[in-house]
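**Student:** Build out the structure end to end from the sequences listed, making use of the hints.
Here are the chains, one letter per residue:
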Amino acid sequence: MTKQTDLQPAPADRRKRFSSVFSIICMLVSSLAIVVLVTLLISIFAKGGNFLSLEFLTCIRRTTNRSWNRHFLGRISASQSLAKVLPRFGATEH
Amino acid sequence: MVTLLLGCSLISLATTFGIIFMLVFESYGFFSAPEINFSDFLTGTEWTIGQSVGEQKYGILPLVSGTLRITFIAMLIALPMGLITAVYLSEYASKRTRSILKPVLEILAGIPTVVLGFFAISFITPVLLKPWGGFAPFNATSAGIAVGILCLPLITSLAEDALRAVPRSLREGAYGLGATRLEVTVKVVLPAALSGIISAFLLALSRAIGETMVVALAAGSSPTLTLDPRGTSQTMTGFIVETFKSESVVPGSIGYYSIYAVAAVLFVITFLLTLIGQIIRMKYREVYE
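Chains as they are written, first to last, in our numbering: chain A, 5 to 98; chain B, 291 to 579.
I should point out that these hints are in silico values taken from the structure, not numbers from a laboratory. Predicted model only: the values in this text are computed from it and were never measured. Worth double-checking, as some hints may not be accurate.
Examples of chain A residues lying across from chain B (beta carbon under 7 Å, computed) [as the list claims (entries may be wrong)]: (1) 19; (2) 22; (3) 37; (4) 40; (5) 47; (6) 51.
In this text, a Cβ means the ideal position worked out from N, Cα and C, and glycines have one as well.
**Tutor:** Printed below as a string of structure tokens:
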């Protein structure tokens, strides 16, 4: 008898509620992709937006070349050189 | 035409064998050196290539641990998010929502990895992780989150394809029996698409293990054997990049050959993952008429 009671399906309204809660969770998780993309774009434009100018886009000579980097940073790893460069972009902890 | 197609196939085959040959040939230079012991290489807990000759230690475990730590964090983010997004797109989303979400995911997939690496050090670490305290400026968590973002569109796209390939008749049958949408998804669609979903997971895993630019920028450059995700770490790919650029490593030296030895280990790991993926796909494959 107890076994039969265990096998009874959950009430229809509870099952429907679970289903709609799951759909909301799915929607929220999916919208995280949009949040990530928007945050990424804002972060990039907040850091580098000031550098975007007609002159920057059309300039044919790059001044921050390898010899410049070597002169100022020496021979160090990519992450170490970023640690030195990033404070200029406001990332103070590096 | 058939000859042309065969030629193209042979080119890809020859490329693969060429890569394997190059890895084996160059790795031999490393393992044949008198100071290198194969078992020490696989089980050693110290990797100190920058030290003077007598003090150099070549135990690959710190690099493997760094790789696995970052991959684990990436998968912790990408697997559930990717699968849930795929379920949403395949089972719940309206046409309008799909028309918004799909392009967003495609843009995410198209973001260069160097930008994601920069995003990790300029946003994830200082804004998301710094308030929690204890995180090094270059850390495994930050790199792991960025790699997770990188793998998310891949998992979503492949898992969604697998879910959409499930015949409509299966869904309709379940709905006809009075199942809710959640029950249809969990008890019918997901089991039917399991082989495709597992393949998607393993492909994303291989992608995370082989990712280079994000980890080279955001994870740091000290190989450490630890489980702490807040500390700096170096992955196998990160080591290869940094060592190739380094002027202190000259061609023909053990340091130079160590690059190929690490690359060979990386190749073996990703090859095994692909093999496991094939076996799982064959085992759980469902064929519908």
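**Student:** Tell me if the interface restraint on residue 40 of chain A is satisfied: Cβ within less than 7 Å of some Cβ in chain B.
**Tutor:** 6 Å, holds
**Student:** Verify the interface restraint on residue 19 of chain A: the C-beta must sit less than 7 Å from at least one C-beta of chain B.
**Tutor:** Where the cut-off is 7 Å and the nearest Cβ of chain B is about 5 Å from residue 19 of chain A, the hint holds.
**Student:** Let's test the interface hint: is any C-beta of chain B closer than 7 Å to that of residue 51 of chain A?
**Tutor:** 6 Å, holds
**Student:** Going by Cβ atoms only, is residue 47 of chain A closer than 7 Å to chain B?
**Tutor:** 4 Å, holds
**Student:** Measuring from the C-beta of residue 22 of chain A to each C-beta in chain B, is the shortest one below 7 Å?
**Tutor:** For residue 22 of chain A, the interface hint holds, since the closest Cβ of chain B sits about 6 Å away, which is under 7 Å.
**Student:** Per the CB criterion, is residue 37 of chain A less than 7 Å away from chain B?
**Tutor:** 5 Å, holds
The structure meets every hint from the earlier list without exception.
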